[in-house]
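Spelled out from the first residue to the last, the chains are:
4 protein chains.
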Amino acid sequence: MTDVSVSLGANKYGKAENRIVRIYRDAARHEIVDLNVSSQLRGAALAQSYLSGDNALIVATDTQKNTAFAFAKEHGIRSPEDYLVALGRHFVSSFEWIDGGLWQAEQYEWERIVVDGAEHDHAFVRPGRATRLAAVQTIDGGTHVLGGVKDLTVLKSTGSEFHGFPRDRYTTLGETDDRIMATSVTGRWRFLPDAVAAGIDYNALYAEVLDVLLSTFAAVHSLALQQTLFEMGRAAIEARPEIAEMRFAMPNKHHFAYDLSAFGLDNPNEVFYAADRPYGLIEGTVTRDGAPAAPEAWTDLPAFV
Amino acid sequence: MTDVSVSLGANKYGKAENRIVRIYRDAARHEIVDLNVSSQLRGAALAQSYLSGDNALIVATDTQKNTAFAFAKEHGIRSPEDYLVALGRHFVSSFEWIDGGLWQAEQYEWERIVVDGAEHDHAFVRPGRATRLAAVQTIDGGTHVLGGVKDLTVLKSTGSEFHGFPRDRYTTLGETDDRIMATSVTGRWRFLPDAVAAGIDYNALYAEVLDVLLSTFAAVHSLALQQTLFEMGRAAIEARPEIAEMRFAMPNKHHFAYDLSAFGLDNPNEVFYAADRPYGLIEGTVTRDGAPAAPEAWTDLPAFV
Amino acid sequence: MTDVSVSLGANKYGKAENRIVRIYRDAARHEIVDLNVSSQLRGAALAQSYLSGDNALIVATDTQKNTAFAFAKEHGIRSPEDYLVALGRHFVSSFEWIDGGLWQAEQYEWERIVVDGAEHDHAFVRPGRATRLAAVQTIDGGTHVLGGVKDLTVLKSTGSEFHGFPRDRYTTLGETDDRIMATSVTGRWRFLPDAVAAGIDYNALYAEVLDVLLSTFAAVHSLALQQTLFEMGRAAIEARPEIAEMRFAMPNKHHFAYDLSAFGLDNPNEVFYAADRPYGLIEGTVTRDGAPAAPEAWTDLPAFV
Amino acid sequence: MTDVSVSLGANKYGKAENRIVRIYRDAARHEIVDLNVSSQLRGAALAQSYLSGDNALIVATDTQKNTAFAFAKEHGIRSPEDYLVALGRHFVSSFEWIDGGLWQAEQYEWERIVVDGAEHDHAFVRPGRATRLAAVQTIDGGTHVLGGVKDLTVLKSTGSEFHGFPRDRYTTLGETDDRIMATSVTGRWRFLPDAVAAGIDYNALYAEVLDVLLSTFAAVHSLALQQTLFEMGRAAIEARPEIAEMRFAMPNKHHFAYDLSAFGLDNPNEVFYAADRPYGLIEGTVTRDGAPAAPEAWTDLPAFV
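Taken in order, these protein sequences are the chains called A, B, C and D. FYI, in the numbering used here the residues of the first sequence are 1319 to 1623. FYI, in the numbering used here the residues of the second sequence are 1319 to 1623. FYI, in the numbering used here the residues of the third sequence are 1319 to 1623. FYI, in the numbering used here the residues of the fourth sequence are 1319 to 1623.
Misleading hints may appear alongside valid ones.
Which copy? The list can't say, so a pair holds if one copy fits it or any two copies do.
Computed cross-link-like contacts, DSBU-like style, restricted to lysine-lysine with a CA-CA straight-line distance of at most 30 Å [claimed, not checked]:
#, residue 1, residue 2
1, Lys1468, Lys1391
2, Lys1571, Lys1391
3, Lys1571, Lys1468
Rather than coming from a laboratory, the hints here were simulated on the basis of the structure. The structure displayed is predicted, hence computed values, not measured ones.
Isolated chain A, as found in the complex (with noise of 0.2 Å):
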């Protein structure tokens, strides 16, 4: 074996799931952000830790880890994003043997409670109804931003619609113009470089995008899950001039209307069975013509066509 050869390849390596809470109190009303941020870094310069074990270059990940909470202190969370990329600039501008990296967001939501009909200054309930993505991607020498939502689940009783589909030796699925469709939303969406200079506000940007991914999805009658997807694409896009592409995966949550004829009953598209495994998965991109691509601006983002 002694000729064979090795070299390394890409690589990165951080921090993950820093679980960082930031409560703003300067005033009686309170404000929490509430996120699990990782830090990965990348250069070429790191080799010689993977290959000697020679650690001169490597920026613990502890050290990354002390970073990520102190910048919630120094620089405050206005948005995920604004702070991923206050923490990716430090990194890249203090070494300079670090030459990108990938930063990541998840935002959990806070609503305040109400008591006696009005808001309370510090006590909050989670409403878990999505959650928010964010990442900064340094590569290749550019800078990259990018939004995202997770855990949007949605469904539809009717106004949805699959048939026209070949039909081979292995088919079997019955046409129909009455489904369920229900989906758990996936989606990224990467924010053109020249909007990132000018400044976006990102926390009004996100709510915007997720009302239009809502409000599209209930009023598209569907013929496929696909056309939903990009229909939802279309909108966001159209929506705000910041977004150069949106990114999704959407399962297909099968709902299967039960058997109940065997007992005499009759069901039409009354009781369902929720099916778990297998679904379907749709994944899509959709593109603003005319924006420059960037794949690269994608690299290592989990659970994306």
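Chain A is already provided as a structure; the job is to place chains B, C and D on it using the hints.
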């Protein structure tokens, strides 16, 4: 070993986690009820199945499943409690050798999606704020109905103290008069048999109990999570005369102020690390004085003191 | 509402899921014990904490955690049962107002990695075949010790029948004399107090019980999962005189023969779809005749009939 | 907004997580293959489904499911790699407009239960040590075959150091020459196209790679998890000429020595707290020198650098 003899003790069997979705579509504005239903039967006469594999009295778990789906059509699902009462009554009355059982449901909430300011007729989003629980227990000749909630995650960013506890050789915890208090509430309540017999609007009651739990969590200035738990139970029992007792399991989801002093930064309860494990686990029962106890009602219910 | 009065019922509190790893490194060949430990205390005198937030008698959950870690050093962990007995005795004897508690552990197995045919001294791989369970319960003036196992997943590809069950309006299941039987065994066993007092080699017993459970599952030609459950309990009790009773929860993990007839293919029990939900759920207790019952020993233990 | 136009970018769709269990029962000694199979198709011509809901070219996800189950009978499952190759070839050759896809499988191991010293013919227990991974990628006119493993959890109780890393304002981590190193290995390897064409005994290769990964983890005295990762990749590539490259994601599962000094106890690396989050996350690629790169082979594979 020939002189060892054994007997069958407590047992039950059935079909767990039937995911039943019921759509009411008589009007353009659809209604949706989304349940996870488990049915299990008990009977002294069932011992033969365990002892010899004689299934003459074993109502198949598949039959229990079919019945659960059929009842969603035949009886509908006004509330999970009403539905489980009907399901349990069916098994006990149809098979003379079945003398008890446990029927449980989780209910997942759906909200209407808003399109152009109006609630959509048949498109929904799952808010995910909490999961509703219901159970019907037939045991020792009686039937008990229980409601509940789980995964209700709440947090106070101030208004929580903890001090005055005893100190021994193993005590290192400092006293505090200002900490984050966060928990994920699991609560179950047992209904008074007389109230069940008279009829209860379970859906309205659930909504009111949730409001009371939230507002009490918010309003109580807490000296211990134990105290908050007790006040939440007291408030629910005071609010609804149908409730005989409340049981809670509340993890103390620790948020530790991150030590930023090494970085020259002060941290006056602004930046926290949200820990996963270990966690405090506080459990307690609040009972209405004068209501007859019924410990058997809680047999086999998961996660309780 | 002023005439409603409430009281505190059953309660307990403590620190859950302390992940304690103990390395024995006195010799070059290290030993590892990997536990997840929960400690909870009970006491009638603790009511003041719930009622008024007076913590004078509340042994902090943080103190319970510290004690659990300290005992891993002071007393070592010969077996999870021995360790929990020492931990429980400490709390009850050190604080006169603590009159009971529940101490639980999961143990994760590690196997030595084999290098060049020899077991390594200090490198391990987690086999993940099952998780060992232990519990010590102090309640009503007595102390009970329980062992157990969960996540022991087994399957028979033949040797399992199911027929002869009653048929009603909701029965559609066909009879079968050959099916896959698969389950994930959760089992707990209660030790006879006399055996505990005399001393038990808990580690050897656990290994033997696991062998007996597996070989009995394999050897019994099954007419119902209930029957297999009972025979597994009988075999364990016959094998070890220290065991007073066995309790099991066994999901029937359904494997459905996939219908290939539409594709012109026969399927003589060769291709199966392994379903997630719903699943059968069979639970039962096997007791040694003559052993005194101790239902209170099972108080609050998760997942049982 | 009328002047915004959008297009469809990268996409794929199919049926995920088909739980297929194949029993070989031609002899008394049964064999079992237990897979979780996902199939997704790509094709430029599929755009019409996304753009207009025209499904004329959409091979239904239900058809993909049926095909996956039927192939388990028609072609059998010699290895997950062989099976996925056949499945992918079928779709690409049967439907001219399908020009690519991604087919993935997880395989769950089963061991024979031992009864009276002999392996049982048809009773099995799941060892759960690791999950095998396989993938076939057809993209850009080429087809790539990948093997892999996940959830291989390993630990060294000594023989791991970490020091010499740079220190900045945010660095507090101490240097250590003796720590626990633990990780859960996810690894994937890409096979050389020539080796695939010549035929590979994938099952034997998997077994050998696992042995090599384990023994290398054990044998390397580690100065950084990065170094261990690289050596594991090197060893696998040296062992098997069929492998072009190895990619790994290795969380550094931190074990912190618990501070017992407040209790008057020494802790010379004997008692550890095993933390959940955050964790280090080390990722890297090891490539065989001279093997042509094929970055497109890794498109959409989960969890990688």
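Open item on the list: When Cα atoms must be at most 30 Å apart, do Lys1571 and Lys1391 count as within-copy, between-copy, both, or neither?
Closed with: Answer is between; shortest inter-copy Cα gap is 22 Å, intra-copy 41 Å.
Task: Intra/inter-copy verdict for Lys1571 and Lys1468 if alpha-carbon distance must be at most 30 Å - done: Classified as both: same-chain Cα gap 15 Å, cross-chain 23 Å, threshold 30 Å.
Open item on the list: When Cα atoms must be at most 30 Å apart, do Lys1468 and Lys1391 count as within-copy, between-copy, both, or neither?
Closed with: Cα proximity of Lys1468 and Lys1391: one copy only (27 Å, versus 33 Å across).
Taken one by one, the earlier hints all hold for this structure without exception.
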